[in-house]
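Participant: Listed in order, the protein sequences are those of chains A and B. In terms of my numbering, the first sequence opens at residue 1 and continues consecutively. In terms of my numbering, the second sequence opens at residue 1 and continues consecutively.
To be clear, the hints were calculated from the coordinates, so they are not data collected in a lab. Idealized CB from N, CA, C, for every residue including glycine. One or more of the hints may lead you astray.
Unchecked claim - One side only, chain B facing chain A, incomplete, derived with CB under 10 angstroms:
#1 His85
#2 Glu118
#3 Gln150
#4 Leu151
#5 Lys165
#6 Leu169
#7 Ser292
#8 Met312
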Amino acid sequence: MNPQKIFKEKIKGNLGGKVFSSPHTYRLAREIFVRKVDFPFEARKKMTSMALEQAAEAYQKKRSVIWTSAFFPGELFNLFDLVPFAPEAASATAASFELAPDLLRHAEEIGLSSDSCSFHRCAAAGTSRKYFPLPNFLAASSHLCDGAPRLFQYMARRYRCPLYLLDVPVRHDEAAELYVAEQLEDMVRDLEERTGQRLTTEKIEQVFENSNRAREYQQEVIRLRQHVPSPLNGEEGLSYVYLILMGDGHPRTPEIYRTLVQELQEKIRAYRVEVSGEKAGLPEEENFRLVWMHLRPYYSGDMINYLEKELRMKVVMEEFNLVYWPPLDPENPFRSLARKALSHPGLGPIERRLDAVERMVYDHQAHGVVHFSHWGCRQSVGGALYLRNQLRKRGIPFLNLDGDCVDQGSLPWGQVRTRLDSFQEVLEQAYS
Amino acid sequence: MSQNQVDTGARRVGWICTYTPEEIILGAGFTPYRLLPYPGGGAAEELLPPSICPYVRQVARGIKRGVYGDLEGVVVAHSCNAMMHLYNVLREESGMFVYLLDLPRHRGEGALDYFTRELSSLADFLGERGEEATVERLEEARRLYREREQLWEPLLNGRADLLHKYFPLGWYHLAEKAVTSSPAKFNRELAQLAEESWENSHGKDAGDAGSLPALMLAGGIPSRNMMELLAETTDYFLLPENCAGARYLLRTPPELPGEQEITREKMLQEIALSYLEKPPCPRIYHFDYRESYYRRLLEKYHIKGAIYHDLMFCDLSHYDYLLVKEVFDEKEIPLLQVKTELGAEDLGQIKTRLEAFLELLEQE
Chain A
1 MNPQKIFKEK
11 IKGNLGGKVF
21 SSPHTYRLAR
31 EIFVRKVDFP
41 FEARKKMTSM
51 ALEQAAEAYQ
61 KKRSVIWTSA
71 FFPGELFNLF
81 DLVPFAPEAA
91 SATAASFELA
101 PDLLRHAEEI
111 GLSSDSCSFH
121 RCAAAGTSRK
131 YFPLPNFLAA
141 SSHLCDGAPR
151 LFQYMARRYR
161 CPLYLLDVPV
171 RHDEAAELYV
181 AEQLEDMVRD
191 LEERTGQRLT
201 TEKIEQVFEN
211 SNRAREYQQE
221 VIRLRQHVPS
231 PLNGEEGLSY
241 VYLILMGDGH
251 PRTPEIYRTL
261 VQELQEKIRA
271 YRVEVSGEKA
281 GLPEEENFRL
291 VWMHLRPYYS
301 GDMINYLEKE
311 LRMKVVMEEF
321 NLVYWPPLDP
331 ENPFRSLARK
341 ALSHPGLGPI
351 ERRLDAVERM
361 VYDHQAHGVV
371 HFSHWGCRQS
381 VGGALYLRNQ
391 LRKRGIPFLN
401 LDGDCVDQGS
411 LPWGQVRTRL
421 DSFQEVLEQA
431 YS
Chain B
1 MSQNQVDTGA
11 RRVGWICTYT
21 PEEIILGAGF
31 TPYRLLPYPG
41 GGAAEELLPP
51 SICPYVRQVA
61 RGIKRGVYGD
71 LEGVVVAHSC
81 NAMMHLYNVL
91 REESGMFVYL
101 LDLPRHRGEG
111 ALDYFTRELS
121 SLADFLGERG
131 EEATVERLEE
141 ARRLYREREQ
151 LWEPLLNGRA
161 DLLHKYFPLG
171 WYHLAEKAVT
181 SSPAKFNREL
191 AQLAEESWEN
201 SHGKDAGDAG
211 SLPALMLAGG
221 IPSRNMMELL
231 AETTDYFLLP
241 ENCAGARYLL
251 RTPPELPGEQ
261 EITREKMLQE
271 IALSYLEKPP
281 CPRIYHFDYR
291 ESYYRRLLEK
301 YHIKGAIYHD
311 LMFCDLSHYD
321 YLLVKEVFDE
331 KEIPLLQVKT
341 ELGAEDLGQI
351 KTRLEAFLEL
361 LEQE
C-alpha cells in the first residue's frame, strides 16, 4: 500500500493552499498515515502523528507560526510556544507526493537559478503558490548553508515578517560563543516584545529538560545501533531527521525517542533469542554495515531499498542523527544554545566532519561510507572529494553518489544501481 | 629603509574576498595581491566538484598551476561555503601558508567585536611569518590606503574621460590594477597621473560620471573577458556594482589618527569597521542596508539598464537576484540576467543577449 497514492486519490490530486489549510485534510491524513499504515516501529507512528499535528496547527493559525530551517536551535520556538514550519521539510513532502517537478519549474519561472538547492527552490515556489501556512516569524541559521538564510530573506520580504538570522562563526572559542549567545539573547528579547510573553526560568527549565531527555535517548539509540546486527536500518534512521529539524525542545520528542529505545532493545533481545537457538530462524542478514552521509532522495525509496534489502548492506548510522552537542544548561541558556550551534561537525574546516565520520565508522563497526551528494548542497558536496581521499588513506571504502533529494530528474537509477553493485564488490574485496 | 616602511613589493600574500583587510597584510610586511578570475580559467573541476562556485574552482587551480606567480601564502576569508572548501583544498595542495579569516554576516556591535578579534589573530599570524604588525606599521599601511582613496576620488566621481583614458575598462580596470599592484607603487602612479593630467586639464566637468547614461553590472564577480565584451559592445558608462568594482572601490578606509595616541586594538577595530560598513555584498544579512546602497547608486548615477551576473553555483548571487530585481522593477529599470561559469565559452550567448538588451534600451 502506498499511503501517498491513497491520500492523493482521496483528495482527487487537488493539493493546494485550500486543501492544506482544511482540518479535514489532517483527519484524512491521520486516518491514512497513522491508523492504516503498518509502521515497523511505534516510535515512527508517534512521530508521524506529531508531524501531522504540527502541520495542522501551522495551517490553523491558533498559535503563532515560525518558519525555520535546518540547524537553527529549535528550543527557541518552544520557549515561546511557537508552531514551527520547515519549508525544507515541506519540499521533501512535496517530492514524496510527486509535486516537486511542477514546483521546480515554477521556481525557474520566478527567476531562481536551477543551480541552487532543490529543497529551497521548491520552498520558494511553494511560497509563491501560497501552499504554505502564513508565518508570523522566520528564523534561519548560517550554519552550513548560504542558501537558506537568503531564501528566508526573500520570504520575509514577501510576508513582511520579522526575520531572525543566526550567524554562527566557524571558530569554536569564547569570542564565537559570546557572539552567538548575544544574537540569541537579542532574538529572545525581540520575541518577548512581539509576543507579549516574558520568558521565565520555569519555561527554560521545562524546554531544556525536553531537549536534554531527548538527547539522552538519542544517544541510547545510537548506542543500540552499534549492535551487530543493527536493530535499525537507514530507511528508518533517516526518517528521524524530522525530529532534528522540528523536535528540539518539543514535549513529545523525548517520548518518541524513548519508545524507539524500548523497541530497539526488544529487537536486540529477539536477535539474541534467535542466535541462542531458542527460536527458529537466523538473525537478519547484514552483509556490510555502512555510514550514510547527508540525506536521501524523498521521491523514491528505490535506492535505499535496493542497498539494504537487495544487497543487504545496512546503513547503521547517519551523519544527520549524530548527537554532537553537550547537554543544555538552563542556568546559562544563551551560552548553552550557542555551544550547541557551534558544536556542529559540519561547521568550519573539514577535519571536524572527517573526525565525526571516522568516529561513526569506528563506533558502529561500519565497513564503508556512502556520501549522497545532493546537487545543490555546497557544504556537503564540496567536501566529498576530500573525505573520499582521507577515508581511503585510512582504508575505509567510500562511495560518492551524485543525485538530488528532491529533483527526481537528476538521479539516473540505472547508473546508481551499477555504482551500488560495484561498491558491494569493493567491500567484498576489502573484507574478504 | 625605515623600520616602519611597509610594502616593499617583494613578498606577496594572496587574497580573494573584498572583506579581507589589505592594511593588515601590508602592515605585516607582505604585499596583498588579489587572486582574480583569469583568462582561460574555464570550469576548473579537478580540485573541487563542478557544483561549487567557479571563481573558487579557478583560484584553486590557478594556485596549483602557478598562474598567480610567487605567493608566500593566502588569506581565505570565509565569505561563503565555497571559500571554506577552498581553504580545505589549499591547505592540502598549495604548499604555502593558508589562513582562514572568519567574517561575520551581521553588522553592529557584536559583529564588530568578533571581527576585531579575528583581525587581531590575523595580524599575529601574519606577523609571525613576516614583520610584526605594530601600531606604527599598521598606521603606515592605513595611510597608504587613505592616500590611494583620495588619489582616485576624482576618477570615480568626476572625470570619466580621464578614467577611461588610463583605465579603458573603467572602474573594473582601476580596481583590477589596485588589487594586483603594490599599493605604494600604485599610489605613485596615480599621483603622477594626477599631476600630468587631471590637475592640468581644462573643462573639469567633462565626462562627469554621474551625468553619463550608464549600464550597471550587478551580481557576482565577472571575468575580465566579460568586461572586455561589455566595453566593446556598448558606449554606456559601465558601473560594476560588484566586488570587482564599487564594493571594493567605495570602501572608506579609516581616517588617520589625530594627535592622540592610538592603541593597536583601536586601530584594528577601526579597520574592521571600515570593512563591515563598506558597500555590502549579498553575504551580509541586512538586505535593507544593501538596498539603500543600491538606491544611492541609482540616485547618483544615470542608470539606463542593468545586467545581473548570476554566477553559477553561487547561492548568494541566485537569491540576491530575486531581491535586487524588486528594486529595479520598482524603478522601472530594465534588468538582464546572465549566467556564466567565468569561462570564454559563456561569451557567445552573452554577446547575443546583450545586443538584444541594448536595442531594447535604445527603444525606451
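Participant: For the restraint on B:Met312, tell me whether the closest CB of chain A is nearer than 10 angstroms.
Facilitator: This hint holds: B:Met312 lies near chain A, its Cβ roughly 5 angstroms from the closest one there, short of 10 angstroms.
Participant: For the hint on B:Lys165, does the least C-beta distance to chain A fall short of 10 angstroms?
Facilitator: At 38 angstroms from the nearest chain A Cβ, B:Lys165 fails the 10 angstroms test, so the hint is violated.
Participant: When the nearest CB of chain A is found for B:His85, is that gap smaller than 10 angstroms?
Facilitator: At 4 angstroms from the nearest chain A Cβ, B:His85 passes the 10 angstroms test, so the hint holds.
Participant: Hint B:Glu118 vs chain A: min CB-CB distance below 10 angstroms?
Facilitator: 8 angstroms, holds
Participant: Answer holds if the nearest beta-carbon of chain A is closer than 10 angstroms to that of B:Leu169; otherwise answer violated.
Facilitator: Since chain A brings no Cβ nearer than about 27 angstroms to B:Leu169, farther than 10 angstroms, the hint is violated.
Participant: Under the criterion of a CB-CB separation shorter than 10 angstroms, is B:Gln150 in contact with chain A as hinted?
Facilitator: It is violated, given that the least Cβ distance between B:Gln150 and chain A is near 34 angstroms, above 10 angstroms.
Participant: Return the status of the interface hint for B:Ser292: holds when the least beta-carbon distance to chain A is below 10 angstroms, violated otherwise.
Facilitator: 14 angstroms, violated
Participant: Would the hint on B:Leu151 be counted as holding, given a Cβ-Cβ threshold of 10 angstroms to chain A?
Facilitator: 35 angstroms, violated
In summary, the numbered hints that this structure violates are 3, 4, 5, 6 and 7.
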